[in-house]
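Student: Letter by letter, the chains look like this.
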Amino acid sequence: MAASILRRCWGSLLAQRCRTGDVPVLHNGQTWRRAQAPGSIASGRRAGNSPAGERGVAPWVAVVGLEIHAQISSNSKLFSGSQVQFAAPPNSLVSFFDASLPGTLPALNRRCVEAAVMTGLALNCRINKKSLFDRKHYFYADLPAGYQITQQRLPVAVNGSLSYSLCVGGKKNQMVTRTVRIKQIQLEQDSGKSLHDDTRSQTLIDLNRAGVGLMEVVMEPDMSSGEEAAAAVRELQLILQTLGSSQAIMAEGQLRVDANVSVHHPGEAYGVRTEVKNINSARFLARAIDYEIQRQIKELENGQTVMNETRAFDYKLGCTIPMRDKEGKQDYRFMPEPNLPPLILYDSKSLPANMNHQQVVNIDWIRERLPDLPSVKRVKLVEQYGILPEHSFTLLNEDGLMEFFQNVVRQTQMNPKKVIGWILNDMLCYLKQHNLTVKESPVSSLLLADLLNLLERGAISSSAAKQVFEELWKGEGKTPLQIVKEKKLELIQDQQEFEQICQAVMEGHQEEVMEIKKGNRKVLNKLIGLVQRTTRGRADPVLVKQILEKRLSQ
Amino acid sequence: MWALRFSRYIRGAPLGGGSHWAGLSLGSRFTQAASGRSDSRQEAAGDPRQRGLVRPRSYRGGVYQNPTWQHVEQRPLPQKKVTVEVLDHLERLALVDFRDWEGVQRLEKAIQFADQLHAVNTEGVEPMDSVLEDRCLYLREDNITEGTCTEELLRNARETVEEYFIAPPGNIPLPKLEGRDTFLQVSE
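Residue numbers (the numbering used here), protein chains in the order written: chain P, 548 to 1101; chain R, 27 to 214.
Worth flagging that the hints you see were computed from the coordinates, not collected in a lab.
Just so you know, even glycine gets a beta-carbon here, dropped at the ideal spot from N, CA and C.
The hints are all genuine.
Facing chain R, according to a computed beta carbon distance under 10 Å, are these residues of chain P, among others:
#, residue
1, K624
2, P636
3, C659
4, R700
So that you can see chain P by itself, here it is in the shape it has in the complex:
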């Protein structure tokens, strides 16, 4: 009795806090269980020195900020003319500047500037017409110069926002839109790659990646869980891929995310934050952040303090471990890059008349040529085809699925709302099972459209259609019509044949007929099932029901 009252009080308290702040509130699972123990409100040992909130348990709020490095999709590197390529023989794409040989100077790549401006415009940022380059000094073997050229004082774009959606609610069926503010977008150099050879106690350095242009997107700490962070990163990935400024494939290291995580009680100052690195996919991102939040809560509730350190995420163990190399706060000794004057960007108003247009990056020109962003595409899909917003999300999430859907709708008479069901439930399911992309699918949009046309015309039943689909998936090149004829899956069109079959079934199951006549309607379904089995799925269930009912009422 006491426990139930406790639960109700706690529930309303949580609801209150959630309403006021619209922030997911975390509480230590252990404490919750203790509160449920009958007869006690704040009994037992309350771990550590967590301050006594109302009802004896203080909720924690997590604060997550992301720093995302996206590799710019360009032919050559940011400051030198060497090629940008993912897998290449070691040290084969390195120029003298990338290797930091004395006497070399940086020359900025125009395409990288355009990519940064495009991304800034897509994320609603203010583009700085004058931006400056700086040097960030630190020693590491894969940074041959000993410093990285970045933009710390005055970056290319500032003060933007990124809107993303995520599923909330118990059944994860409600989509809410959240926004995270973008602090700045800056251009910087990538470092080389180091392969650690622990057996021989040495590191092998490959400078192919050194000097490649990166866009660093710094987000304000507006998020509060791993799920939100993963959704934001996914949305950014889609935007970058749509713009073409980056291919943003996390597996190839083209999109790297570092998370800054801290926890605190609502209303108090922010806690000490830790940085989590070495996250290789969006899924691991959510897990890493959630693990780190729980670890910090546990530490604080045990009375210890959280250290300001850098931790690496070990995806095999699913936990974060401290990185030995990055102890303590780093002093980067930022200094203006003396070899590069300020980068000046122009718009239509400020463009001087007789400038060499190869030297000009015109913000307005780029803004006019921005493609449709994912959010705009989703709205258009919903408007044009009448599908649900959640469906538009899934369509855009899968590479090529939206075009596939549009092609099918174009070639079939079926209502798009029904087509989307086939695409999302059947098509996507098969693709995932066989781990294929839409482009590799053996079922083309034409074949699927044919199948759906047959279904729409009433030539086959939906269960038969699923059988045909399975057959199509084998990729033997047969058309749906051929498969239907081979397997004799067409619906029986002959009325008389139908009536005969129904009659036969009824005669064979007199008991069930008696039951139905007595008023037990459920047995009718059994009869329908029997008819279906006899006809091997070639009977239209609606028609069967009609005929049976007509017969039975006689």
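Mind docking chain R on chain P? Use the hints.
Tutor: Relative to chain P, chain R alone:
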């Protein structure tokens, strides 16, 4: 007559009074001189203000032959001592070795020398970003122009393994002050 008057000035006698000359006012007259040599000569001859003052023949073709700056009194700037913590921090960050107190003194003198900049009043002046002041940053086209020089690059390294450079495993941070054998420790 004309030439005589000028020749007296060319000899480089101290101009103006003492060791100061108003660099700015000379400068403006210099620019006028640069634009129209003949004009300024005629103007100078007739203008009573300019009789007896320096005619900068020392300014030829854009290069000053004599210095035009002001001497600033060497006000004794506060002698800043560099603390042991800062020295340890610097040694760790920049991997320099001060070796002994003489090195630290050299550092302090260098700081004092640079501190002279504080004597200049920079209120309302934008900080200079680069000596390449008004020049535009050159934008290069996105073409592949260099890169396949693996052998040449690897020749610079003492040890290589299958076209990789070899480096020690990770960063080996400098041990803490207590664990190091350094003169900084002794002083304490």
